[in-house]
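Enquirer: What follows is each chain in one-letter form.
2 protein chains.
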Amino acid sequence: MNTQNGLDMSRAPHLTIDLNTCGVSTGDLIVPGGRDYGELSLPIFSLNKGEGHRVLITGGNHGNELEGPLVSRRLIEWLPEVQTCGRIIVLPVLNPLAVEAWSRNTPLDGLNLNRSFPGRADGSVTQRIADAVSRVLLPTADVVFDLHSFGPTWELPPAATTHPIADPHLMAKTVRMAEAFKLPVTLVWQHNDTAGMFDTVAQNQGKVFVCAEFGGGTVGAGNLAIYEAGVRNALIALGLVEGQAEYPTFRQQKSGQTLETRPSDQLKSPAPGIFEPRCSVLDEVKQGDLIGILHPMGSLSTDSLDILAPTPSIVLALASGAHVNANEAVAYVARPLKI
Amino acid sequence: MNTQNGLDMSRAPHLTIDLNTCGVSTGDLIVPGGRDYGELSLPIFSLNKGEGHRVLITGGNHGNELEGPLVSRRLIEWLPEVQTCGRIIVLPVLNPLAVEAWSRNTPLDGLNLNRSFPGRADGSVTQRIADAVSRVLLPTADVVFDLHSFGPTWELPPAATTHPIADPHLMAKTVRMAEAFKLPVTLVWQHNDTAGMFDTVAQNQGKVFVCAEFGGGTVGAGNLAIYEAGVRNALIALGLVEGQAEYPTFRQQKSGQTLETRPSDQLKSPAPGIFEPRCSVLDEVKQGDLIGILHPMGSLSTDSLDILAPTPSIVLALASGAHVNANEAVAYVARPLKI
Numbered sequence: 001m002n003t004q005n006g007l008d009m010s011r012a013p014h015l016t017i018d019l020n021t022c023g024v025s026t027g028d029l030i031v032p033g034g035r036d037y038g039e040l041s042l043p044i045f046s047l048n049k050g051e052g053h054r055v056l057i058t059g060g061n062h063g064n065e066l067e068g069p070l071v072s073r074r075l076i077e078w079l080p081e082v083q084t085c086g087r088i089i090v091l092p093v094l095n096p097l098a099v100e101a102w103s104r105n106t107p108l109d110g111l112n113l114n115r116s117f118p119g120r121a122d123g124s125v126t127q128r129i130a131d132a133v134s135r136v137l138l139p140t141a142d143v144v145f146d147l148h149s150f151g152p153t154w155e156l157p158p159a160a161t162t163h164p165i166a167d168p169h170l171m172a173k174t175v176r177m178a179e180a181f182k183l184p185v186t187l188v189w190q191h192n193d194t195a196g197m198f199d200t201v202a203q204n205q206g207k208v209f210v211c212a213e214f215g216g217g218t219v220g221a222g223n224l225a226i227y228e229a230g231v232r233n234a235l236i237a238l239g240l241v242e243g244q245a246e247y248p249t250f251r252q253q254k255s256g257q258t259l260e261t262r263p264s265d266q267l268k269s270p271a272p273g274i275f276e277p278r279c280s281v282l283d284e285v286k287q288g289d290l291i292g293i294l295h296p297m298g299s300l301s302t303d304s305l306d307i308l309a310p311t312p313s314i315v316l317a318l319a320s321g322a323h324v325n326a327n328e329a330v331a332y333v334a335r336p337l338k339i
Numbered sequence: 340m341n342t343q344n345g346l347d348m349s350r351a352p353h354l355t356i357d358l359n360t361c362g363v364s365t366g367d368l369i370v371p372g373g374r375d376y377g378e379l380s381l382p383i384f385s386l387n388k389g390e391g392h393r394v395l396i397t398g399g400n401h402g403n404e405l406e407g408p409l410v411s412r413r414l415i416e417w418l419p420e421v422q423t424c425g426r427i428i429v430l431p432v433l434n435p436l437a438v439e440a441w442s443r444n445t446p447l448d449g450l451n452l453n454r455s456f457p458g459r460a461d462g463s464v465t466q467r468i469a470d471a472v473s474r475v476l477l478p479t480a481d482v483v484f485d486l487h488s489f490g491p492t493w494e495l496p497p498a499a500t501t502h503p504i505a506d507p508h509l510m511a512k513t514v515r516m517a518e519a520f521k522l523p524v525t526l527v528w529q530h531n532d533t534a535g536m537f538d539t540v541a542q543n544q545g546k547v548f549v550c551a552e553f554g555g556g557t558v559g560a561g562n563l564a565i566y567e568a569g570v571r572n573a574l575i576a577l578g579l580v581e582g583q584a585e586y587p588t589f590r591q592q593k594s595g596q597t598l599e600t601r602p603s604d605q606l607k608s609p610a611p612g613i614f615e616p617r618c619s620v621l622d623e624v625k626q627g628d629l630i631g632i633l634h635p636m637g638s639l640s641t642d643s644l645d646i647l648a649p650t651p652s653i654v655l656a657l658a659s660g661a662h663v664n665a666n667e668a669v670a671y672v673a674r675p676l677k678i
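Protein chains in written order, with the working numbering: chain A, 1 to 339; chain B, 340 to 678.
Certain hints may be false.
Using 20 Å as the maximum straight-line C-alpha spacing, the simulated DMTMM-like pairs for lysine to aspartate or glutamate come out as follows [said to hold, decoys possible]: (1) K268/A / E439/B; (2) K268/A / D193/A; (3) K286/A / D303/A; (4) K607/B / D193/A; (5) K388/B / E416/B; (6) K286/A / D306/A.
Worth flagging that the hints you see were computed from the coordinates, not collected in a lab.
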């Protein structure tokens, strides 16, 4: 046996269930231990109804975004009654160490799981989780939904998101899949920090990958219902679940729009301070409209600074409730996607 | 000069402004340096209009509760136009180290400022802030408003709160002052963790002390307007500010109620997991009604656990969006205050 520090390093990540079994199976994805932490058992659910799409649904990628784990638990409750074909695997908590700490990154190694893909079998605990997911789960699916939120200090309308994908055919398929969530926003998010994302690894293998996002502080019953409806709509569109897809009610409206945002649409703080939003997400703004005010806190004689809309646009996301450093994002604007 | 580690340990905390000056003064509360950190300058505003109440308004006691600093900045903008008498001192950020880290406690020494009063001149940085506030600012005021929120993982309606006070005369005065905020909830909060609170030190000196709370995740424009209206109402009631006090609109209503909550009204998690609220704050519940569900995350075959209302009561606060340990609070209920 190849051992190091008393741990068996030769064990490969694996599942305790056979995904080919018909019906419901529950067990664990086993992430082998390493020098920094012992073996992890990530609870997993699979419902195999034969022919049809192979879907993987994950939550708890970031530890302070808990809508995903809660919606995953709800799926596990109702899928057995409504799934008619295909196979759906649900893994509610990808990173239990981060969830237990209510921390975006894993406290033990400081790594962001969603920048650690495809992972390393001989790496730190976060890298080993990414490796287990990449090698054991990703090959089983042709469609992946990773259920995020936008983190506790951001407001963002419920959104199904993707990043630009080089392959135009996969890009079109992915946008259609995201739109099938029927959330208030479908978003194509172009940013420069995509290395190591779960999305990128899945898309490089030709899979349809949609990341659900939902910002706004505490997890309330209303938010959860919208999030859950979005996932149900997507499963209905895939033909795996019976039912009628419809837009969930958000701010007394039942509608959705497809937007894009680019790096230049990120509004940054001109100085350290506390950002006070002065508009709402989904507001349409003209160039020069007030988005918010940055209040430097070091001196009361320093004037507060207006943050203005750089172009006619739609307010996509607002930072709030946290101190920001100079040059840190305080808002994102967006515009209708042109294909 | 009495020096230690190159720092002048003999300097006492002091203000850079003379509070007896008429009109507006801005400067700093100087917190002397110590072994762990250098001198701090906490920006401060004073508006002296002669006879009348002496009020101290503070924010940023906890670093992840930023409504207080933002409302403080707004006060500084409009007080010069509406204050007619008395003296109002505003200190927007009591603990800049915690605010910059968006952390409840001070990262450097791990201390909760609101459990560190009256502080220590020769203590760690948090204790030195408490000492400076206790010795320099507290003696200048007969009324203190400390502007908190309930933290990022709790939902709580806007509330003006106090704790039970042994002196019945001061208790009655304090409840009347809290009710003058005209927030949706006036709360008498009985709990067992009051040692070292700013409240306790101020009340022991016979001062009226009200703590404003407002939970619910991100800081939005609507929340801030309610919070700001509450402080304005209180200053109008004290006779310092011109205007008409009125209940701010919260959930389409303009009303307030006075509640009390006791240690036995805290509902605790029976196991580690993620708490999903299944009711809303201010809901009236009967004994046995569902408050929320605790989802253990370690196994999918472990049933989720219902958290039920122990008595007929009003839902005061709901934890959400965070993992909780066993025996950690997930909700508070309350009932109308009987005097």
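Enquirer: The structure should be examined with respect to each hint, and the outcome stated for every one.
Expert: Consistency of the hints with the structure:
1. K268/A / E439/B: 17 Å, holds
2. K268/A / D193/A: 16 Å, holds
3. K286/A / D303/A: 24 Å, violated
4. K607/B / D193/A: 40 Å, violated
5. K388/B / E416/B: 16 Å, holds
6. K286/A / D306/A: 15 Å, holds
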